[in-house]
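Novice: Sequence:
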Amino acid sequence: MPFLCPPAPPTRAARPSHPTGGRGCGRGHACGWPATARPAAKLERMTSKNRLFTLVAVLLCALAALAGCQLSNDGADSPKATAAASTGASATGPKPSAPKSSPPAGTTPPPAGGWVPTDAALADVCRTKLPAQAVDTLGLIAKGGPYPYRSDGIVFENRENRLPRKASGYYHEYTVVTPGSGDRGARRVVTGGTGEQYWTADHYGSFLEIDARC
1 MPFLCPPAPP TRAARPSHPT GGRGCGRGHA CGWPATARPA AKLERMTSKN RLFTLVAVLL
61 CALAALAGCQ LSNDGADSPK ATAAASTGAS ATGPKPSAPK SSPPAGTTPP PAGGWVPTDA
121 ALADVCRTKL PAQAVDTLGL IAKGGPYPYR SDGIVFENRE NRLPRKASGY YHEYTVVTPG
181 SGDRGARRVV TGGTGEQYWT ADHYGSFLEI DARC
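Numbering (the numbering used here), first residue to last: 1 to 214.
Bear in mind the hints are in silico, worked out from the structure with no lab data behind them. No experiment lies behind these values; they were computed from the predicted model shown. In this text, a Cβ means the ideal position worked out from N, Cα and C, and glycines have one as well. There's no promise every hint is true.
[As the list claims (entries may be wrong)] What follows is a list of derived Cβ distance ranges for each label pair:
{"hint": "1", "residue 1": "Val116", "residue 2": "Asp183", "range": "18 to 26 angstroms"}
{"hint": "2", "residue 1": "Pro146", "residue 2": "Ala123", "range": "26 to 34 angstroms"}
{"hint": "3", "residue 1": "Asp202", "residue 2": "Thr128", "range": "17 to 25 angstroms"}
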């Protein structure tokens, strides 16, 4: 039996020519492309339309998703969301602060404004170590009187120079009552112009600067 080659695929038919002098094709004539090529062209046009519709649908879905994300972000930044966040933060309460260090044992913190001795060579005495009458006198000085003696508040001249040298009128003296004494006694409190205070128990023979910190 002889070998038969498969038939060649159909090729695009040549467009038939019109009859000479005619307008268009008459009945029974195939005009334009052959009838077998028309369905393929129609299918190609439909496929292109489907691709276009699919692309449009994907773009619409992407836009919708982007709009949803934007709305959720706006809701998170709304005043209600901010108030809820602040309420949650306040519910936890403030963090405890670190404990403050305490001064070393045996020391007394200075009062407001501090205290500086006027003369390093002059011994000090704690206010709480003074006799009760001296503490009473200091209280009267702080209030501005009244004093038990008319001479209280007079200028102390510092003739013995046992206090730092200052101009005349810088120091003033006040009586500290001595129980059982018929006169002013020998105890005094002397104050300076900048607030310093001194104690003498032997009528100006010696002085101690009063330390108000203790």
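Novice: Evaluate each hint against the coordinates.
Specialist: Taking the hints in turn, this is what the structure says about them:
no. : hint                                   : verdict
1   : Val116 with Asp183: 18 to 26 angstroms : violated (35 angstroms)
2   : Pro146 with Ala123: 26 to 34 angstroms : holds (31 angstroms)
3   : Asp202 with Thr128: 17 to 25 angstroms : holds (21 angstroms)
The structure fails to meet hint 1 from the earlier list, while all remaining hints are met.
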